[in-house]
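Please take these sequences and the hints and turn them into a complete structure.
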Amino acid sequence: MKYGADSSNHSPILALPSAARKRLLYVGLGWILVAALEAWAYTVLALGITHHWPPLWILISTGMAILVSIAVNRSGYLTGVRLAGDLYKTLGHALAQSKLSWFTHNNRTKIANIAGQGIPGFMSIPAHQLQSFLHAPCLPLCLVVGIGVVAGLEIALVASVLLILALLGLFLSQRALKRADAQRQTAQNNASAATLEFVDHLELLRTAAGPIKAIERIEQRWQAQEQALSKTNWSSAFAIFVSTLASVLPIAGMASFMVLQDDTNITTLLAVLMLIGRAAAPLGELATAGLSINDLKASLDNYKQATTAPQLPEPRQPKTMTSDHQIRIEGIAHGPVLNNINATIPAGSRVRILGPSGSGKSTLLELLMRFDDPEKGVITIGGVKLRDITYEELASHIAYVPQDPVVFTGTLADNIRIGNPTASDLEVETAARHASLDTIIDRSPDGIHQLVGQQGMALSGGERQRVTIARALIKKAPILILDEATSALDSTTEQAIVNTLHTLDATILFVTHKDISDWRPNQVIDLTGYINHSPPS
Amino acid sequence: MHKPALSKLITNPLLADALRPSATKLASGALFSSLSGITMLAALWSLIQLLDDLSSIWLFTASLLWLFGALFAALASWLAHDGEAAFSARLRRKVANHLLRLPESSLAKQGDQEVRNLVSSDIEKLHHMVAHLPAEIASFLVTPIAAICLLINMAGVSALWVLLPGVLASLYYLVVVPHINARDGEVRRQIMGEIITAVDNYARGIRVNRIYGQLSGALADYDSATKRFTNNMVLWVSKVATLAGTAVALLQAAATFAIAYLIAYDTSIPSLAATLFFSFAIVTPALRLGHGLDYVSAGRLAMGRLIALLQLPTLPTGQVTTLPQPPTLTLQNVRLTINGSQLLDVINETFPSNALSAITGASGIGKTTLLRVMAGHEPLSSGQIKLAQTDITQLNESTLHQSILLIPQGGDTLPATVEENLRLSAPQANTAELNDALLRAQLNTTLDTHTDILSGGERQRLSIARAFLSDAHIILLDEPTSALDATRASGLIRELEHLAQKQEKTIVMVTHDEELAANTAKVLKLKRMTIAEDQQ
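Respectively, the protein sequence lines represent chains L and D. Residues in the first sequence are numbered from 222 upward in steps of one, following the working numbering. Residues in the second sequence are numbered from 1028 upward in steps of one, following the working numbering.
Don't take every hint at face value.
Claimed, not checked - Okay, derived cross-link-like pairs now, DSSO-like style, lysine-lysine, Cα gap no bigger than 27 Å in a straight line:
| # | chain 1 | residue 1 | chain 2 | residue 2 |
| --- | --- | --- | --- | --- |
| 1 | D | Lys1254 | L | Lys320 |
| 2 | L | Lys452 | D | Lys1121 |
| 3 | D | Lys1413 | L | Lys434 |
| 4 | D | Lys1554 | D | Lys1136 |
| 5 | D | Lys1254 | L | Lys518 |
| 6 | L | Lys310 | D | Lys1136 |
Quick caveat, the hints were computed from the structure, so don't treat them as lab data.
Here you go:
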């Protein structure tokens, strides 16, 4: 896999797609060129001061440096946007491949952070970070050469020593920052997870813990974050002290050195102070950049983890599914509960998966949809193994109503149309009415275009369930999987929906805890004793 | 869009409470930031004096001034960040507490991403504005004005030409950028929000999205959001990139130095030195503008959103803390409205205080809303919910929570152990009591089990176990048996009846199962109003 290959490598920059790395390389070279031209312009200015030149050469060299700097800045901005576009695309497609079991609460929080803060932050890499890490160190290097040209080797050597000392001071303060920063990153992830948890479980917390105790859980994690932040504030204040002193150290040191020498010329002193002042200036920028590099690295690491999450392999030589939709389950074992499950389900059957809570009914249904590969055994549809079918093809044959009715923020129609993006409004409304959504459609003048609130909160539990059923109906798939799809419905509504199901030409697999007389299954897979029964006739 | 002024937002009493305790630190931060700028200018002045007479006293003065300048800068940074951190901490708690006290229906109206943003990123957006704006305003005014005075004093008025590149670049940041942001900022924010919502929807609804195909649903939204993002941003950036690049390049010292040399190359050395050094000291604060003023408008918008949320009315509460025991639950002339329309007849009902009762009715008629109203989590348009003859809106919020336990449907659990989940409601209970509650809720699991591995039905029963741990006299359950098989459902009903009789509790459950409801002490059947009126 393209993304998998990067996982063995340690540099987080390699998490970036290769086209993006090439773009960054060009912008990086541009920044080095800008540093060289700028140093050239300052050196010409210094020579002008010592030799009392007229300003023409200075204006020309400065103009060149400015023009190139404009061009590199411009391409830096554009590259940043394209980089973010590449990263978003890669992330979306990596997520599409990731195994479902990977999407835990923590990983979901990480994904939200990457999309909201990580990738937008990467946009500034070409225009800002590359400038900080290439232009900032290159400019002093070039200027030391300039100082040598203006004032001779000895002064250039002193300048080098002063600049290195300044850099050392910066390095030490940066290392202290790094330690504080690591703690801050962890604390921030924790606080962010705590906040998400708080919002996601708001109703649970207010009902179960009450308005006062509900805050306690999130409070502890907030406090941890705030303490870590306070530590970072001290470290960054100290870093500012050190970096301010370090940035004036070269000027102060050079002034002292030259004043204490007997033969110092005033124009040379001014020229050298100007040059070393310019050489020291970007070192301060390096210190500030030190604050962001840890965040940047952490974001890149998170990005790498998200884009290299475990996947289920797609077949090398995919087989196409035939018009035969017979499902065979052969010797399936998975997790702690499923063990040696066998069944043959002819096309068009209505199959009940039976068993007490926790016996693995949902897990079995998920294996049928290849949310994961079973640890042992195979599942075939029409004689083709699931792992020999591309996921897209498999998914196109299955409609699924999950136990937890997932409804997205948006309109009723948006939610139903997920089952068939090309469906007309009329088709959407028909499917909705088949799923007994009449009362909801009729209670608002917007009909199927009414909003359903945050995650469908404006709908009742039963209404959300019917939306997910309508979504499955509109797909018209040959295999329909219903996991407790009617648990929140009253018996009249349920009966109407079951009657609709009976008119479908599809294999239906379902789990229900309710009275099944209306469902009339013609096959039962009983997980109670792990035996496949024929139904009592 | 209406944008209130920053000063109005800051002085809004809802935010001022959180801001006031930090005001001293923030103001001192701004003061020290200005002092640092002035001290550093004084050091430059000493350096120019040195160029005049090469006397080492100036060297010593400059070094001392630099030392203090650095010290003041560090102090300014600490004061501003520490003041801001305290402000954020207070605001974060204020918003979370407010969210907890909003009616469920107000919460439902807020977008998904919005609630998330309000408690996290909106507060972070204020960070930059509150921590940096006072110091930046101070140093943007104080340092350049001081430097201009020194420059005119040492090199004459004509030296002011050196400010040209800095002024041009500042105009870009202060005039052009806000103009562009006013025009395109909202669109860019929207594109950004679309991507975040697309990723979030995709991760939450992964099962649905996966089975409904890569090209449909959230991933299709995501792909189109990504494409729109890249196209729009490239279009936008190519319009402004040249101007932005020019502003950045003009702020480099090279441009200012070239003009300084043009003006002063024929004057004295100290005069040339003053022109070179002070000109750039004037431009330096403008460099900070290069980091963008986006944070100010982002902070202002975030502030507006936070205030709008804090202005949403919370649930009414009162001061009453004691009630006669056991309290009876009465619904008096209750009218229920959902989305502004009244669906049901006026309800008058008293629930027996030592028995299990049921509320039934067709799907969508408002059973869940009624239950929330009875728990005081939703305001009532007219009528009263009375507990021992006291309107529940008169109760202190803790008393209300201690008197009425609502167990919502869906069996939501925290991603933690079974024990941690139970302790939300019963922090003092011992292990035996917790295990007993699980047993009575028909849940066969251990306390250290993580809820990640529980099935939907098991989570529902974990929620129900709270009923057996709570001291509340009123227990309201929403569809407690929806995911249970018949044996477990009847077992649970027996336990609930037993609990009601033994401990004199009023237990009311919403159910669509007519058979279960028929066996309870009292059934309140909700009917559509129009039908009821037609019959009369």
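Going down the list of hints, with the structure as the test:
no.: 1; hint: Lys1254/D - Lys320/L; result: holds, 25 Å
no.: 2; hint: Lys452/L - Lys1121/D; result: holds, 24 Å
no.: 3; hint: Lys1413/D - Lys434/L; result: holds, 25 Å
no.: 4; hint: Lys1554/D - Lys1136/D; result: holds, 26 Å
no.: 5; hint: Lys1254/D - Lys518/L; result: holds, 26 Å
no.: 6; hint: Lys310/L - Lys1136/D; result: violated, 31 Å
Against the hints set out earlier in the document, a violation occurs for number 6 only.
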